[in-house]
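**Student:** Chain by chain, the residues run as shown.
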Amino acid sequence: MKIIVCLKQVPDTASVKLDPVTHTLKREGVAAVINPFDLFALEAALQLRERVGGQILALTMGPPQAAEMLREAIGYGVDDGLLLSDRAFAGADTWATTAALAAGVRHLGGADLIVCGKQAVDGDTAQVGPGLAMRLGLPQVAFVKAIREAAADHLVVERQMDDGYEVVSLPLPGLITVVREIGEPRPPSLKGKMRAKKFEAPVAGAAALGLAEDQVGLRGSFTQVVEVFAPGAAGQREMLPGPAEAAGRAVIDRLVADKVILLGS
Amino acid sequence: MALIIDKTACTGCGSCLDACPFGALDLVEDKAQVNDNCTLCGTCVEVCPESALSLEDIQRAADERTATSRGVWVFAEQRDGVLPEVVAELLGQGGRLAADLGVELGAVLLGHGVEALAAELFAQGAQKVYLADDPRLAQFDDGIYAAVLARLIARERPEILLAGATALGRSLIPRVATAVATGLTADCTGLAIDPARRLLLQTRPAFGGNIMATIICPDARPQMATVRPRVMKKALPQPGATGELVRYDLDADLKPSTQVLEVVRAIGEQVNLTAAEVVVVGGRGLGGPEGFDLVRELAQALGGVVGATRGAVDAGWIGHAHQVGQTGRTIGPKLYIGLGVSGAVQHLVGMQSSDVIVAVNTDPNAPIFSVATYGIVGNLFAVVPAMLARLKELRG
Amino acid sequence: MDYFLSEDQLMIRDLCRQIAEERVKPVRAELDEKEQFPRELMKALAQADLFGLIIPEQYGGLGGGCLENCIAVEELSRACVGVSTTFAASFLGAYPIILFGSEEQKAKYLPIIASGERLAAFALTESAAGSDAGAIQTQARREGDEYVINGSKQWITNGGEARIYSVIAITDRSKGARGASAFIVEEGDPGFSVGKKEIKLGIRASATAELIFNECRIPADRLLAREGMGFVVAMRTFDKSRPGVGAQAVGVAQGALDEAAAFARTRKQFDKPIITFQAVAHMLADMATKVEAARALVYSVARFVDSGAKDISKASAMAKLFPTDIAMEVTTNAVQVLGGHGYMRDYPVEKMMRDAKILQIYEGTNQIQRNVIGQELNKEYGRAK
Numbered sequence: 001m002k003i004i005v006c007l008k009q010v011p012d013t014a015s016v017k018l019d020p021v022t023h024t025l026k027r028e029g030v031a032a033v034i035n036p037f038d039l040f041a042l043e044a045a046l047q048l049r050e051r052v053g054g055q056i057l058a059l060t061m062g063p064p065q066a067a068e069m070l071r072e073a074i075g076y077g078v079d080d081g082l083l084l085s086d087r088a089f090a091g092a093d094t095w096a097t098t099a100a101l102a103a104g105v106r107h108l109g110g111a112d113l114i115v116c117g118k119q120a121v122d123g124d125t126a127q128v129g130p131g132l133a134m135r136l137g138l139p140q141v142a143f144v145k146a147i148r149e150a151a152a153d154h155l156v157v158e159r160q161m162d163d164g165y166e167v168v169s170l171p172l173p174g175l176i177t178v179v180r181e182i183g184e185p186r187p188p189s190l191k192g193k194m195r196a197k198k199f200e201a202p203v204a205g206a207a208a209l210g211l212a213e214d215q216v217g218l219r220g221s222f223t224q225v226v227e228v229f230a231p232g233a234a235g236q237r238e239m240l241p242g243p244a245e246a247a248g249r250a251v252i253d254r255l256v257a258d259k260v261i262l263l264g265s
Numbered sequence: 001m002a003l004i005i006d007k008t009a010c011t012g013c014g015s016c017l018d019a020c021p022f023g024a025l026d027l028v029e030d031k032a033q034v035n036d037n038c039t040l041c042g043t044c045v046e047v048c049p050e051s052a053l054s055l056e057d058i059q060r061a062a063d064e065r066t067a068t069s070r071g072v073w074v075f076a077e078q079r080d081g082v083l084p085e086v087v088a089e090l091l092g093q094g095g096r097l098a099a100d101l102g103v104e105l106g107a108v109l110l111g112h113g114v115e116a117l118a119a120e121l122f123a124q125g126a127q128k129v130y131l132a133d134d135p136r137l138a139q140f141d142d143g144i145y146a147a148v149l150a151r152l153i154a155r156e157r158p159e160i161l162l163a164g165a166t167a168l169g170r171s172l173i174p175r176v177a178t179a180v181a182t183g184l185t186a187d188c189t190g191l192a193i194d195p196a197r198r199l200l201l202q203t204r205p206a207f208g209g210n211i212m213a214t215i216i217c218p219d220a221r222p223q224m225a226t227v228r229p230r231v232m233k234k235a236l237p238q239p240g241a242t243g244e245l246v247r248y249d250l251d252a253d254l255k256p257s258t259q260v261l262e263v264v265r266a267i268g269e270q271v272n273l274t275a276a277e278v279v280v281v282g283g284r285g286l287g288g289p290e291g292f293d294l295v296r297e298l299a300q301a302l303g304g305v306v307g308a309t310r311g312a313v314d315a316g317w318i319g320h321a322h323q324v325g326q327t328g329r330t331i332g333p334k335l336y337i338g339l340g341v342s343g344a345v346q347h348l349v350g351m352q353s354s355d356v357i358v359a360v361n362t363d364p365n366a367p368i369f370s371v372a373t374y375g376i377v378g379n380l381f382a383v384v385p386a387m388l389a390r391l392k393e394l395r396g
Numbered sequence: 001m002d003y004f005l006s007e008d009q010l011m012i013r014d015l016c017r018q019i020a021e022e023r024v025k026p027v028r029a030e031l032d033e034k035e036q037f038p039r040e041l042m043k044a045l046a047q048a049d050l051f052g053l054i055i056p057e058q059y060g061g062l063g064g065g066c067l068e069n070c071i072a073v074e075e076l077s078r079a080c081v082g083v084s085t086t087f088a089a090s091f092l093g094a095y096p097i098i099l100f101g102s103e104e105q106k107a108k109y110l111p112i113i114a115s116g117e118r119l120a121a122f123a124l125t126e127s128a129a130g131s132d133a134g135a136i137q138t139q140a141r142r143e144g145d146e147y148v149i150n151g152s153k154q155w156i157t158n159g160g161e162a163r164i165y166s167v168i169a170i171t172d173r174s175k176g177a178r179g180a181s182a183f184i185v186e187e188g189d190p191g192f193s194v195g196k197k198e199i200k201l202g203i204r205a206s207a208t209a210e211l212i213f214n215e216c217r218i219p220a221d222r223l224l225a226r227e228g229m230g231f232v233v234a235m236r237t238f239d240k241s242r243p244g245v246g247a248q249a250v251g252v253a254q255g256a257l258d259e260a261a262a263f264a265r266t267r268k269q270f271d272k273p274i275i276t277f278q279a280v281a282h283m284l285a286d287m288a289t290k291v292e293a294a295r296a297l298v299y300s301v302a303r304f305v306d307s308g309a310k311d312i313s314k315a316s317a318m319a320k321l322f323p324t325d326i327a328m329e330v331t332t333n334a335v336q337v338l339g340g341h342g343y344m345r346d347y348p349v350e351k352m353m354r355d356a357k358i359l360q361i362y363e364g365t366n367q368i369q370r371n372v373i374g375q376e377l378n379k380e381y382g383r384a385k
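Chains as they are written, first to last, in my numbering: chain A, 1 to 265; chain B, 1 to 396; chain C, 1 to 385.
FYI, nobody ran anything at the bench for these hints, they're computed from the structure.
These numbers come from a predicted model, not from an experiment.
Yeah, the Cβ is synthetic: ideal placement off N, Cα and C, and Gly gets one too.
A hint or two may mislead.
As the list claims (entries may be wrong) - A few chain A residues that face chain C, going by a derived Cβ cut-off under 10 Å, partial list only:
{"#": "1", "residue": "186"}
{"#": "2", "residue": "189"}
{"#": "3", "residue": "197"}
{"#": "4", "residue": "201"}
With the hints as extra help, turn the sequences into a complete structure.
**Tutor:** Structural data, given as structure tokens:
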């Protein structure tokens, strides 16, 4: 089975904290890591390769430093990787991202199965997997928590829903996004890490992928960020005085004002 | 496309370097300089005290849909013929947006044998219900559901489509947005209209809730957003209200791409402490197992889960799966509420990375107050009912 | 401190540290409490190729030496000695095959040990033969193409979990110490069974069990080396493995020091962090100094062993003796620094103290190590005269 795993390099959220005074993002030397949810995608792919054999390719779009993440993926046991990198890709929303990823998948000659994490911890959109499936005209199952059956032409998977789960048969080629229940990500392996030392990720830009500038990046995006602001709250310390009833009501008002509790607009 | 740095205005203060989540800015000869890691996220633009940073303005031709699309739609997700709460919330919010725009509120209902739900949608404010009722829609399949929605959108041309950020919505709606080639903003917590440009202002948390971003989709229609459950206010129900029912017959070429073999409803209580955004924790101050009823009630009202200290677990008041702390789970939710929790060191190490910490305890010297964002010295059995009452008031 | 490790050695250290932090620490208290064998963790170590660390490359391993083993074991021990004992015991079972196995034996057993598919174990100790290993009673007699083993082994680490056992048994009682031989016994061999699982003070995640041989029949080609070589196999194995026990000691001592120092910085009494009191600071200073001294000894002996030196018994015994005595002292003092907290199961140091005790006992008690060192000194100075 030929499997493509989509990975995203994200800032380590543990190192992204809000400055309590200035309300700006503080970072302690932005450690860049593999999106934690994508590690579950990687684990799902490694499990599948153990079961049915085959090849795993890691695909990512990002700045040049994302090559380091692909090297890390090799350490986990991935066979090869492709980095989609171009200044033109910057500022992409999920529409423009899936345009580049779909071109990347074609560049790799397609796959029997594409595996994505359920979402990225920086964007939290959960849109890229389903969007990519649509771009490629593939059937999809999102939020897969277990793979019951793996055959050459179909998978039987468990899809997590809000009220339980469903057992779904997915014809291949197809795409799944996976959740953490798929299995705890294994550690990197020593042999993988030794291979990773020598690994140089192939890089493809917009031209190599046959993409025009207005299809990718900020220019190729439908959505625009018009404002970024800090939510209130974090960092401050306050004792709420008074009788219990008043304090109880006051704390709810504070949490609502801080947008920690959301009531609606 | 680029980040533009006005070198004459830049004072080299470094604010943008600290703010950049990607390490994409450097100081070169006391001036900010952008490197290849830039994702054009715009965070730096906001923090620059000199307004020396800006994003290059892009001029794009709006496609013809922008001028011709009208109306606000809500995707009325249903499971086994039942509408989840979020549909009523979306209709409430959709109604307000439709009023601001002076257009109709529609609801789209897909399934098999679900026509009866149309009445509920009318009662909750829908003026039109678009119904696709077909055996091929009996089970949820992303492929056929997305195809039906995309064709309906192409035919009817709504300017806004809202859906719940449920498992089904988060799976289906991105596929729909891609199929109709438009923008989508996930997990919105705030929606408003910019009347001048008829634009939907979509606000959502980014970077794990560390910042909020307002997003627009100026040049394509519909403007699509998913909305978290329990965020929007429902409209006052109007029992007996009616509207127009528009049937949509499925094209013969459509068929499901996947097959649902079995449906398993969740059984029993699930505890997912580490993934929960809100955790309400009970400690020894609860006085006994029945104290957890209040903890559960507050957790439920906030859409959170129940946690416990080691003391409460060891006393047998609640199961070990709920335990937070060094010997239990380490959690970092957006909101932690400790009720009768004193804050032993082993507990604090398991929760101190929570974004906002609320502590209620009778002992003013309880260590938990040293990490609390908001502290209340008082009897939790008086404080919590007041919190619940206030929540109910505000939610209407 | 820079220990002048190679790039590959640093990689091993970082990977093991990552596994220890992410996988071992979160479950160690539960494994200890429930005396639960760490099957999931062994799978993770196997996926990380760590069971191949010291197995030669031609048999699917990474061809690492004593130092690589020590680095890995130290990092795992920093989180949990129960887990590191389980891991290290597989190498203890593998060493006789690496050192004395025939080409066929190596080709058959080493790849499946290296992949982690099968755990190995080493079986010497018996109820009446602890420090006096020469007193073992388990017998093996040759019958045609088979050996028939009778007797029982006691306190065997990985007993019941391993599927490959290196077993020492007497083949000729008349020859005394030269009458013992080493055999490979597999799970499922007729007449071989696992007896009682022990309940222990520490390293409770590791499995310790009795092995029972009742007319256990194995093919004759399971004999390691030649008849009569049993104790040579055992002693050469211990020479290789003892620095690893020292590394376990360095790891658990470092782990206890980490906990004690962190606690002393945050714990306030008399309005000051207790680390600012000289009584506590001096304890921590001595602990830290001794841990470094122990590590220096382990690493230098491991490098000596890897140099291919022949006379390693004394150095190897020292690398076990000193660090394990230090580990007992440092973990005990860590409990003292944490005071009442340290005595409670909420904190990991009481477990570290319980775990450290075994290191002074197994793979030759520290009294036996002193005997070995004493005998070697006697020989050395005898020659010098």
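**Student:** Does each hint fit the structure? Answer for all of them.
**Tutor:** Verification of the hints:
The criterion of a C-beta within 10 Å of any C-beta in chain C is met by residue 186/A, whose closest approach is roughly 4 Å, and the hint holds. With its C-beta approaching chain C no nearer than about 5 Å, residue 189/A sits inside the 10 Å limit, and its interface hint holds. At its closest, the beta carbon of residue 197/A sits 8 Å from a beta carbon of chain C; the interface hint therefore holds under the 10 Å criterion. For residue 201/A, the shortest C-beta to C-beta distance to chain C is roughly 19 Å, which exceeds 10 Å, and the interface hint is violated.
Hint 4 from the earlier list is the only one contradicted by this structure; the remaining hints agree with it.
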